[in-house]
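Using the sequences plus the hints, can you model the full thing?
Chains A and B are the protein sequences, given in the same order.
At position 74 of the first sequence (counting the first as 1) the number is 74 in the UniProt record's numbering, and the numbers step up by one without a gap.
At position 228 of the second sequence (counting the first as 1) the number is 228 in the UniProt record's numbering, and the numbers step up by one without a gap.
Since the hints were made in silico from the structure, they are not lab data.
Mixed in with the good hints, there may be bad ones.
[What the hints assert, rightly or not] Listed next, the in silico DSBU-like pairs over lysine-lysine satisfying Cα-Cα at most 30 Å (straight line):
1) B:Lys365 to A:Lys80
2) B:Lys244 to B:Lys47
3) B:Lys2 to B:Lys244
4) B:Lys244 to A:Lys80
[To be verified] Now the stretches of chain A that chain B is said to cover, found in silico as 3 or more residues with beta-carbon under 8 Å:
5) 45 to 56
6) 61 to 68
Every value quoted in this text rests on a predicted model; they were computed, and no experiment measured them.
Cβ coordinates follow ideal geometry from the N, Cα and C atoms, glycine included.
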Amino acid sequence: MIRACTVDELPPGESVRLPGSPAIAVFHTEAGELYAIDDTCTHQDASLADGWLEGCFVECPLHAALFDLRTGVPSCLPAKDPVRTYPVVVDEGVIYVEGTAREDAA
Amino acid sequence: MKRVAVVGASLAGVRAAQELRAQGYDGGIVLIGEERHLPYDRPPLSKAFLAGAASQASLELLDAGDLASLALDFRLGVRATALEPAARRVLLSDGGSVHADGVVIATGGRARTLPGFEGAHTLRTLDDALALRAALVPGVRVVIVGAGFIGAEVASTCRSLGLDVTVLEALDAPLAPALGPRLAAVCARLHADHGTDLRCGVRVEGLSEAGVRLADGSLVPADVVVTGVGMTPATEWLAGSGLKVGNGVHVDAGLVTELPQVVAVGDVAHYHVDGVGRRHEHWTNASEQAPVAVANLLAGRTERTYTPSGYVWSDQYSGTIQLAGHPRPDDTLSFVDGDPSSSSFVAVWQRDGATVGVFALNNAKLFNRLRRPLRRPVGV
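Rendered as structure tokens:
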């Protein structure tokens, strides 16, 4: 389990990058859901935590590939491969990411 | 509509084919491509692919699943030579023809060449990139004519390979007409910071055995010469079709030609808004035009119009440059984060108090926040 931050530190609409190998991006959607995915876009080296969050999709800040935070699957070019998704748990106001990637990413 | 011919198998053509399916068209799609390769993505050709860091397979725009679901009838390695609207036919360079009820023109263009530079490299196609890559062996001196995006990216890649690079630019600063003097100076600085010899205000005359001859009589020694001086839209095959051409295929604001069953997308599309014609030679434009053009093609008339985002990016050296909007030289430029000497900054152009353009160097997050309002058409 990787400690991300407290819930208070990640308001809806915000994201945080957790450095590491691989780096993970955690998103708090406007609807209040928390998602964690690989931070690096599968198309080209860019941090998805810097991307634009819209609903449960994040748009890559460089080339606007759109990833579904629920599945990691890109919905448009130029990305073709999914990013991995990670389970997120909240315990006593702290957000944790389960560090082992889900294999059933699709 | 039973059959659509998409002429041009690069990004714009592929996106059009994808949009046809996405918008419910279930007839035949013939995808005609002059190159023998399956559709591929071009941006890496001047960067990772040229450096040898990305494989040919990684460029492919369509994977096996896409190919199966799109059910495209490929005609690769042949060029469209004529469009006969009355006969609803596209003629091909191999003597064959394709009968189609609808046509998407996505023929892009060819790299412009300079007189006196026969034999110099250009970079537009995969084969161009393979040829240039093979020439970039250790120790060669590279001279690039043109400091636009392609020239700058090739210079950057060559420097990453440890090669000596000189860039010759006719303007006083790279991209000055598009960016203005302050941001053009930033682009010049990226070259200088990374050991590229950028020479601006230079007039080139031609190629010789020893290098590039300049108008002042001097010689810039070179083993490999690359010209990056823009492109020419590929419209010659439309002669006699009745379509209006001239710096591209002329289309209305919905990318439809005078014929409702013929639309154009990508670099070749010269579209008109309020009587003003524009053409964009960028990845995002090719991608974003496809849904509009296809919707109008399927509707049989112009129902949707295209609003360009003006989004362009370029990766040069350690920098990612991002530009959105359509700034004019008389717009006011201001720096909202950092300044032109920083390694990361964001600047905006304003006109009558409204932001009309955003430029960033290595600051994608703020760039995207600021460019968001630009995406909505004026007045909506």
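Going down the list of hints, with the structure as the test:
Only pairs whose Cα atoms come within 30 Å are accepted, and lysine 365 (chain B) paired with lysine 80 (chain A) is accepted, the gap being roughly 22 Å. For the hint pairing lysine 244 (chain B) with lysine 47 (chain B), the CA-to-CA distance comes to about 36 Å; that exceeds 30 Å, so the pair is violated. Pair hint lysine 2 (chain B) plus lysine 244 (chain B) holds up; C-alpha atoms about 26 Å apart against a cutoff of 30 Å. Of the supplied pair hints, the one linking lysine 244 (chain B) and lysine 80 (chain A) is violated, its CA atoms being roughly 37 Å apart against a limit of 30 Å.
Beta-carbon proximity to chain B at under 8 Å applies to 5 residues in the stretch 45 to 56 of chain A; the threshold of 3 is reached and the given coverage holds. With 4 residues having a Cβ less than 8 Å from any Cβ of chain B, the stretch 61 to 68 of chain A passes the three-residue criterion, so the hint holds.
Of the hints listed earlier, those the structure fails to meet are numbers 2, 4, in rising order.
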